[in-house]
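With chain A's structure known, arrange chains B, C and D with the ligands on it following the hints.
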Amino acid sequence: MDGFDSVVQLLDSTGSPVIDSHYSSALDNSSLLALYRDMVLVRKLDEQATALQRQGELGLWAPLIGQEAAQIGSGRALAQRDYAFATYREHGVAWCRGIDPVDMLRFWRGTMHQAWDANLHRLYGYQVIIGAHALHATGYAMGAYLSGRSGTGNSETDQAVVAYFGDGAMSEGDVNESFVFAATYQAPIVFFCQNNQWAISEPTKRQSRIPLVQRAEGFGLRGIRVDGNDVIACHAVTAEALDRARSGGGPTLIEAVTYRMGAHTTSDDPTKYRDGSDDELWRSRDPIDRLRIYLRANEVLNDTFQSDLDAEATSLAERMRIGCRELPDPDPLSMFENVYCAPDARLDEQRSELKSILAKMGD
Amino acid sequence: MDGFDSVVQLLDSTGSPVIDSHYSSALDNSSLLALYRDMVLVRKLDEQATALQRQGELGLWAPLIGQEAAQIGSGRALAQRDYAFATYREHGVAWCRGIDPVDMLRFWRGTMHQAWDANLHRLYGYQVIIGAHALHATGYAMGAYLSGRSGTGNSETDQAVVAYFGDGAMSEGDVNESFVFAATYQAPIVFFCQNNQWAISEPTKRQSRIPLVQRAEGFGLRGIRVDGNDVIACHAVTAEALDRARSGGGPTLIEAVTYRMGAHTTSDDPTKYRDGSDDELWRSRDPIDRLRIYLRANEVLNDTFQSDLDAEATSLAERMRIGCRELPDPDPLSMFENVYCAPDARLDEQRSELKSILAKMGD
Amino acid sequence: MEQLTIVSAINKGLRRAMAADSKVLLMGEDIGKLGGVFRVTEGLQKEFSDERVIDSPLAESGIVGTAIGLALNGFRPVVEIQFDGFVYPAFDQIVSQMARMRYRSRGALSLPITMRIPFGGGIGSVEHHSESPEAYFSATPGLRVISAADSHDAYWMIQQAIFSDDPVIFLEPKRRYWQKGDVDTDADLSSAMPMFSAKVLTDGSDCTLISYGPTVVTALQAAKFAQEDGVGIEVIDMRSLSPIDMHTIATSVRKTGRVIVVHEAPGSGGLGAEIGQRIMETCFTDLKAPVLRVTGYDTPYPASRIEEHYLPDADRILDALEKVMSY
Amino acid sequence: MEQLTIVSAINKGLRRAMAADSKVLLMGEDIGKLGGVFRVTEGLQKEFSDERVIDSPLAESGIVGTAIGLALNGFRPVVEIQFDGFVYPAFDQIVSQMARMRYRSRGALSLPITMRIPFGGGIGSVEHHSESPEAYFSATPGLRVISAADSHDAYWMIQQAIFSDDPVIFLEPKRRYWQKGDVDTDADLSSAMPMFSAKVLTDGSDCTLISYGPTVVTALQAAKFAQEDGVGIEVIDMRSLSPIDMHTIATSVRKTGRVIVVHEAPGSGGLGAEIGQRIMETCFTDLKAPVLRVTGYDTPYPASRIEEHYLPDADRILDALEKVMSY
Ligand SMILES: Cc1ncc(C[n+]2csc(CCOP(=O)(O)OP(=O)(O)O)c2C)c(N)n1
Ligand SMILES: Cc1ncc(C[n+]2csc(CCOP(=O)(O)OP(=O)(O)O)c2C)c(N)n1
Ligand SMILES: [Mg+2]
Ligand SMILES: [Mg+2]
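Residue numbers (the numbering used here), protein chains in the order written: chain A, 1 to 363; chain B, 1 to 363; chain C, 1 to 327; chain D, 1 to 327.
For reference, chain A alone in the conformation it holds in the complex (with noise of 0.2 Å):
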């Protein structure tokens, strides 16, 4: 991959296969289709939560876009057993989750902090604090092992767990303590860290001269560098380092070369610190194209195909558009539940104050 050392690349940008001494796809056509569809929908999911935050219907929105192939590669390599932990961009992964689009939209609506049943879709909510999810999915597949479900060999049942993060990630403490509890305990885990290159306005190499990649050497896990624009590579590459988990072989970095074609946030103006001179060269990268230009030129895409899923992805929009606006907001006393599990007396009292002043205020 330009300007990148050993990634591994099994379609490359022009959608043409590639072969690697090691991997190969073990996806056929309809498989290919259906991850082709996939990125296409998120992206329009992307496109239309950015919209609606424009409309003043979310409070905030992180775009994925350009990272397509990376979430919906890799997320689709899980099996339905394995558990993910994903930061605030993940909206690919949650995707292959089964998480409903609008359901995303809860946390960036500020009508929940965490809208999905992790346990069971698997995948735990959104993160915000960057890296310390990476300890929660150690120990959760530390837990896998311990419990039994997890190294036995069998190979239906065994289950791996995924942290998902990024590039400015790989500094933070909690990160790297991850990587000392997996290799010590040989956990069952893979670390996808999807390096798009910026880490809001900080590029990569303020966080690492090298390649993010060889920070594996270092607590001996296993890494792997992967163009993370290419779906078909980051599904390989994924796959295996899931089953190798799965077995008992260890820990995995996967770092996937990839780029944030948007702002960091709908909050965020990129123009303040990157003059846009690498937007094209990504953008002649697109995870998107490169598949469908693939897939059209050995007749798996038709025309068929592809104005179903325009207008699926149509449908999808406007079934966001219309479920963001309906979303309802929380009644007010809801903030007191859940504290704690056990009753509280204390909260109680503020319970009462704060139901007795909304009386007030209905009157």
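It is worth saying that the hints were derived from the structure and are not from the lab. Please note: incorrect hints may appear among the correct ones.
[Said to hold, decoys possible] Subject to a maximum C-alpha distance of 25 Å in a straight line, what follows is the list of computed DMTMM-like cross-link-like pairs (lysine to aspartate or glutamate):
id : chain 1 : residue 1 : chain 2 : residue 2
1  : A       : K272      : D       : E47
2  : C       : K288      : D       : D286
3  : B       : K355      : C       : D286
4  : D       : K224      : A       : E353
5  : D       : K33       : A       : E280
6  : A       : K360      : D       : D319
7  : C       : K12       : B       : D269
8  : D       : K288      : A       : E353
9  : B       : K205      : A       : E217
10 : D       : K46       : A       : D278
11 : C       : K12       : C       : D166
12 : D       : K255      : C       : D286
13 : B       : K205      : C       : E47
14 : D       : K199      : B       : E349
15 : A       : K205      : B       : E217
16 : B       : K272      : C       : D315
17 : A       : K355      : D       : E322
18 : A       : K205      : D       : E47
19 : C       : K288      : D       : D165
20 : C       : K33       : B       : E217
21 : D       : K46       : A       : D275
22 : C       : K288      : B       : E349
23 : D       : K46       : A       : D279
24 : C       : K255      : A       : E349
25 : D       : K323      : C       : D245
26 : B       : K205      : C       : E2
27 : B       : K355      : C       : E47
28 : C       : K33       : C       : D21
29 : D       : K323      : C       : E51
30 : B       : K355      : C       : D313
31 : A       : K360      : D       : E47
32 : A       : K205      : D       : E42
33 : B       : K360      : C       : D313
34 : B       : K272      : C       : E51
35 : A       : K205      : D       : E51
36 : C       : K180      : C       : E2
37 : D       : K33       : A       : D279
Just chains B, C and D with the ligands, lined up with the frame of chain A:
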């Protein structure tokens, strides 16, 4: 070195010189004698402090026995203008920085948190929080560069900073964040990790399954592994890393492979967690013995020097015994001093309160 | 009834909880073969294997963060922080993650984690080994904070903490670790005094003396001296620092009208402020004198040779008593 | 006189301090080209170079820890923590290191570090962006904690913080960042109101209303309503949270006999407890009613769509006023 990969060694455990492809010793015979003297004296210092603790004169002591070569070799490689940050175990380094052994005892007797003038000795006091000072050292080094006192190309005035810590500390977030900052800013710093095989009761493999030195590569630091019981190699490796740091060549992580021959502290009972089987092996690698054999064999060390040295050690110990018992307890009212630079009304009230209590007691 | 030190009461409490529930596991630095630097976990790794008594890497954020993951995966982790002063590297995981998991997931995820922390001074140790960090935790919504002052409570409260579905900070009064007391180890956990209730230790009608952890003994000493002078003191062991058992406290204050709060942590911003303020809010017209605090001074913990002057003692409590009685 | 927002007042204050002393340097995430997510450092890197306005790696403990090293080496670092909720990973460096350096070195080493933290809620943001962590810091000996409520104070207090030889936590009232006010930028730093003094904003004899940071405006609103009802309120902007200017507070309380403390942080264990307790200790016989608190509730910060109900507002203050007036 037996059982350890690619360790720089210039004097083996039998006292025979070793040829290294890269490193050689720049030390003449009188320098070697001086290192020998240092090691003998700090071992005596350590024994005496341990004895004082047994006699109830100190609250605690963290013995350095076994680590004399790592501490003296590196400590003597420092120039006066360099600055060192150490843990609670670096009595040998403190010795090299000109700290009076009786002053070292103040901390352990509980009369002071920090006993010496850090700026005068260019050694920060004993640090208890594992790893915290690695960041202070990194910041200090960044400051040396920013203020034009390092990396100017003037080999007489350019400064470097050393951060000492142990194998256990390699797991702390702060140490790993130090590596990030040091690498990003190419700070003139040397991280000197004494891998003494144990973090209290935990063997090094609880922190890492691979040699600690490999952590360096993961962060883009230079890494060197040295026989920590070979004072000549420790000196050579540290001197080179310091030179490199001072001249703007960037940070280095040195892993000095050594052994904690004693207990973790005087409160510790190593028989609970290690069976002593390694003790004999490491006794055969004693850092002092091998230099004595070498110096004897080469007729550098004669009986007069040795007996003078023994006498010096005896009188050092005596001075410590007397000095320790004479260490004044602090004035209780001093506890209110230096919480802030600026005056504080609340502390003044509290000081008055204690003052009147003390006066009553005095009655 | 057994005569146990606090150390061995906690040890036995841990053993009983581990035997009762295979999901209880212990994690921390040096807790395995060594049994912890205070020997609280002595023998447990041998008995329950190194998969249930886990020596961790030297990284406190890592310990708490992975315990959160383990708890999400169905375990009841009990983590040991070796000394009070080493808990701060884990602060983010404690206050931003552990304390909020249940809240942010609207009850879907709970974290039955117990953090054991030996706390307080008076053992002649070096810097960072004598801290009283309770105010940071008791001011954090989502955490429960308790402290046992005797062997009996130590034995039962550690088990209650472990079987609580809320995260609990369990503060162990380090300098009383070797203090012995009777423990009825045969009883049933459900018959133990509720974890969040304060305990009235002595009866008196002139002043209420409120404390917890290591200074409960100090308060009792002061009460004895006062009693000899004919001043009746009601000593209350709070046991729970969050929540505060205001019912027990207010009942006593309504009787005595005078209150002194005793703790080792610095006064300013310490738990005593919250207790005093709450008493003022609840019992304003009953108060004959301001609630006074006898606490550590507003300084970092001093060098150990003068720590006896820093720690509240019976004399300072009696001075405060004189003051409140003079109103 | 200039009309400045709080953001630009701090920006100008920083610029002036940097121009005055070449040892002042800025460090933090995204403070360089971007000028920080709130644009507080806008233009400063361009003006003073990237050696004095340093974009740091994404690691808060690293930022504070290296700032300590820089300060030991003669610099006056001003570090920005991007949002309140991201300060906790640096907690150990703040409380165990920054706060104690001077104490443990017996005055030999001081750390003239300023930590700028935008704090508080009300901006409709996601989790961890609306915290009020002041109680943790004001309970920590060795730290100074201040907060500016208007542009004038923002301009002067940031400079005072920078030139203080004690470490200062400078809390910026995030949701008032764009509030404008007059600033006399021509004056001399030495003529500014002392950093640790509270400021009486309105005169009144019925009740004292004490606040700081973002809720000062709220307190002023409530005072205005009360005034219209003929109740005279003395509003005090504390400005300094540690130390507390008890002189100014007590003077007012002796006059009014009634007090309400207002802050956004949860009530339990919050700064209001310390203020109330201190007032009780100092002015017991002057108090006609208990000191009451109007604060955030004892929960983690809620989802932003209901934050307006969490944050103290004029109505809640007036309810409390009714209560204290009824005694
Ligand atoms: C502990 C912490 N510090 C700072 C922030 C503020 N912040 C939010 S996103 C971000 C950049 C993250 O960069 P990266 O890890 O590369 O992820 P990306 O946003 O590029 O996906 C920062 C600094 C935070 N959320 N948490
Ligand atoms: C943050 C922190 N956690 C825990 C401790 C307790 N502790 C003191 S020394 C030590 C082991 C340190 O091992 P290592 O880094 O190898 O240094 P060594 O003692 O072997 O020199 C531990 C766990 C501490 N002092 N600080
Ligand atoms: Mg990024
Ligand atoms: Mg060690």
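Verification of the supplied hints:
For the suggested pair K272(A) and E47(D), the alpha carbons sit about 15 Å apart, so the restraint of at most 25 Å is met. For the suggested pair K288(C) and D286(D), the alpha carbons sit about 13 Å apart, so the restraint of at most 25 Å is met. Of the pairs offered as hints, the one joining K355(B) and D286(C) is violated, with about 33 Å between alpha carbons and a cut-off of 25 Å exceeded. Of the supplied pair hints, the one linking K224(D) and E353(A) holds, its CA atoms being roughly 23 Å apart against a limit of 25 Å.
Proximity of K33(D) to E280(A) is assessed by CA-CA distance (about 21 Å); at most 25 Å being required, the pair is judged to hold. Between K360(A) and D319(D) the CA atoms are separated by roughly 11 Å; this keeps the pair inside 25 Å, and the hint holds. Proposed proximity of K12(C) and D269(B) is supported: the alpha carbons are some 22 Å apart, at most 25 Å. For the proposed pair K288(D) and E353(A), the alpha carbon gap of about 23 Å is at most 25 Å, so the pair holds.
In summary, the hint linking K205(B) to E217(A) is supported, as the alpha carbons are separated by about 16 Å, within the 25 Å threshold. Note on K46(D) and D278(A): the hinted pairing holds, with a Cα-Cα distance of about 22 Å set against a maximum of 25 Å. A distance of roughly 22 Å separates the Cα atoms of K12(C) and D166(C); the hinted pair therefore holds under the 25 Å criterion. Among the hinted pairs, K255(D) with D286(C) is consistent with the structure: their alpha-carbon atoms are about 23 Å apart, no more than 25 Å.
Distance restraint check for K205(B) and E47(C): the Cα-Cα separation of roughly 23 Å lies within the 25 Å cut-off, and the hinted pair is therefore satisfied. Restraint check: the Cα-Cα separation between K199(D) and E349(B) comes to about 23 Å, which is no more than 25 Å; the hinted pair holds. Between K205(A) and E217(B) the CA atoms are separated by roughly 16 Å; this keeps the pair inside 25 Å, and the hint holds. Of the pairs offered as hints, the one joining K272(B) and D315(C) is violated, with about 42 Å between alpha carbons and a cut-off of 25 Å exceeded.
Of the supplied pair hints, the one linking K355(A) and E322(D) holds, its CA atoms being roughly 18 Å apart against a limit of 25 Å. Distance hint between K205(A) and E47(D) is fulfilled; the C-alpha atoms sit about 23 Å from each other, no more than 25 Å. Simply put, K288(C) and D165(D) have alpha-carbon atoms about 43 Å apart, too far for the 25 Å limit, and the pair is violated. Taking the CA atoms of K33(C) and E217(B), the gap is near 33 Å; set against the 25 Å cutoff, the hint is violated.
Distance restraint check for K46(D) and D275(A): the Cα-Cα separation of roughly 16 Å lies within the 25 Å cut-off, and the hinted pair is therefore satisfied. Distance hint between K288(C) and E349(B) is fulfilled; the C-alpha atoms sit about 24 Å from each other, no more than 25 Å. Using a Cα cut-off of 25 Å, the hinted pair K46(D) and D279(A) holds, with the two alpha carbons roughly 24 Å apart. Of the pairs offered as hints, the one joining K255(C) and E349(A) holds, with about 24 Å between alpha carbons and a cut-off of 25 Å not exceeded.
With a C-alpha separation of about 24 Å, the suggested pair K323(D) and D245(C) falls inside the 25 Å cut-off, and the hint holds. This hinted pair does not check out: K205(B) and E2(C) have alpha carbons roughly 40 Å apart, beyond 25 Å. Note on K355(B) and E47(C): the hinted pairing is violated, with a Cα-Cα distance of about 53 Å set against a maximum of 25 Å. About 22 Å separates the Cα atoms of K33(C) and D21(C), which keeps this hinted pair within 25 Å; it holds.
For the suggested pair K323(D) and E51(C), the alpha carbons sit about 57 Å apart, so the restraint of at most 25 Å is broken. For the proposed pair K355(B) and D313(C), the alpha carbon gap of about 15 Å is at most 25 Å, so the pair holds. For a cut-off of 25 Å, the pair hint linking K360(A) to E47(D) is broken: about 54 Å separates their Cα positions. With a C-alpha separation of about 22 Å, the suggested pairing of K205(A) with E42(D) holds against the 25 Å cut-off.
The suggested pairing of K360(B) with D313(C) holds, with an alpha-carbon distance near 14 Å, which does not exceed 25 Å. The hinted pair formed by K272(B) and E51(C) meets the criterion: a straight-line CA distance of about 19 Å does not exceed 25 Å. At roughly 16 Å between alpha-carbon atoms, K205(A) and E51(D) fall within 25 Å of each other, so this suggested pair holds. At most 25 Å may separate the alpha-carbon atoms for a hinted pair to count; K180(C) and E2(C) meet this at roughly 10 Å.
Proposed proximity of K33(D) and D279(A) is supported: the alpha carbons are some 18 Å apart, at most 25 Å.
In this structure, the hints that do not hold are numbers 3, 16, 19, 20, 26, 27, 29, 31, in rising order.
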